[in-house]
Amino acid sequence: MTYETRADLGGRPGYGPVVPEPEHERFHAEWEKRALALTLAMGATGEWNLDMSRSARETLADYATSSYYAIWVKGLARLLVQRGLATDEEIATGRAITPPRTVRRVLHENEVAETLAKGSSTLREPAAPARFGVGDRVRTQPQQPDHHTRLPGYARGRTGRVEHVRGVHVFPDANAQGLGEQPQWLYTVTFDGRELWGADGDASLRVSIDAWEPYLEAAP
Amino acid sequence: MPHDDDLHADRSELAEMDLRVRALESVLARKGYIDPEALDVLIDAYQTRIGPRNGARVVAKAWVDEGYRRWLLDDATAAIASLGYTGRQGEHMVAVENTPARHNMVVCTLCSCYPWPVLGLPPTWYKSAPYRSRAVRDPRGVLAEFGVTLPESTEIRVWDSTAEVRYLVIPRRPPRTEGISEEVLASLVTRDSMIGTGLPEVPERTR
Chain A
2 MTYETRADLG GRPGYGPVVP EPEHERFHAE WEKRALALTL AMGATGEWNL DMSRSARETL
62 ADYATSSYYA IWVKGLARLL VQRGLATDEE IATGRAITPP RTVRRVLHEN EVAETLAKGS
122 STLREPAAPA RFGVGDRVRT QPQQPDHHTR LPGYARGRTG RVEHVRGVHV FPDANAQGLG
182 EQPQWLYTVT FDGRELWGAD GDASLRVSID AWEPYLEAAP
Chain B
-11 MPHDDDLHAD RSELAEMDLR VRALESVLAR KGYIDPEALD VLIDAYQTRI GPRNGARVVA
49 KAWVDEGYRR WLLDDATAAI ASLGYTGRQG EHMVAVENTP ARHNMVVCTL CSCYPWPVLG
109 LPPTWYKSAP YRSRAVRDPR GVLAEFGVTL PESTEIRVWD STAEVRYLVI PRRPPRTEGI
169 SEEVLASLVT RDSMIGTGLP EVPERTR
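Residue numbers (the numbering used here), protein chains in the order written: chain A, 2 to 221; chain B, -11 to 195.
If you are wondering where the hints come from, they were derived from the structure by calculation, not from laboratory data.
You may find that some hints are simply not true.
To give an idea of the interface, some chain A residues facing chain B are shown, with a C-beta separation under 7 Å as derived from the structure [unchecked claim]:
1. M2
2. K34
3. K119
4. G120
5. L206
6. D211
Every residue, glycine too, gets a C-beta built ideally from N, C-alpha and C.
Put together the whole structure using the sequences plus the hints.
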């Protein structure tokens, strides 16, 4: 295994209590605002996709000790260097040393509102009928693949039921690796708490994930 | 009280990140990849326009208008778009309704997926390791930290947002709020109640 995500936190012990926060607190420092805006503006260049940026963040060596927007900044720096848009030295000093590369698009001030309102749908036309239907029992893949994926560790090798069929969506496992969108059927799969956490788990708990078809096989 | 070492670490991250982000912005602007004016517009959008009051209006409308409630449960993306809330991180919306038998709670254990057009940017705790690790395993313990206790018989239904579907919880309408305007009802709908870690406020006169 060479791919290691540090973001797959579901069910892990030892992180302590949740600290609530008032609704009006949006940012905790000026740099966080700039980090958010830089990430969105660079995302709009189309030089990478959402799954690539998630992959760049979740594999950061210092993920666990970085604050959330620090993770974004470090993930962005990594993508810039990987794609030859900037060098480590340029990112550290703020000086442009190498000539710029042409990016596909620059997000301008007058396009922001429309771009945010439009978003970026991941829904695609089906190429084949859905393999599963509502109510079907399914088992998730037990193995962690050696690349970005969206099947959380706690829900691997578990049996649940299809609760909703969500249409055909871009498949992150392929899209993050630059292998194209390879759209797949997406399902909401629901598990009993005890299937996930064992017999001493909360009997009143049910948890769902949204799982692409390749994550699932039919269960008896 | 934070420990002195933590406080020190926070301060040094602040100074370091401040410099780092300034440098990053300056090189990206110099290379012509970004329009610095666009950054200000982006920040303003999430500070003033796109936040949890949008979601509160959706919930209040569902409380007073049965036709809208059914539309919201059937096709949340369209029902929410009809109020003008669309786009980034809300392209595929699903509304889930709390009942006496079932309480819904939303998490993203893998990162920080959150319905931006209706709730704005996620709070720090939503993105933090304690919430992401425990919401799927010990949601009652998490709820207790928000001051919420639910009957043992209530099913806790946790939605882990692992794809691009974004979930909005429709909390239960507080009792004795008949005849209250939609606008006042919206003011009772808290952000946390739309994530499922809180309940709506109860109006003053019925406390």
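Checked hints:
Because the closest C-beta pair between A:M2 and chain B is about 18 Å apart, greater than 7 Å, the hint is violated. Taken as an interface hint, A:K34 checks out: its beta carbon lies about 5 Å from the nearest beta carbon of chain B, inside 7 Å. Given hint, A:K119 at the interface with chain B, holds; its Cβ is 6 Å from that chain's nearest Cβ, closer than 7 Å. Hint status for A:G120: holds, given a least beta-carbon distance of 4 Å to chain B, under 7 Å.
The restraint placing A:L206 at the interface with chain B holds, with a minimum CB-CB distance near 5 Å, inside the 7 Å limit. Because the smallest distance between the Cβ of A:D211 and any Cβ of chain B comes to about 4 Å, under 7 Å, the interface hint for this residue holds.
In this structure, only the earlier hint numbered 1 is contradicted, and the remaining ones agree with it.
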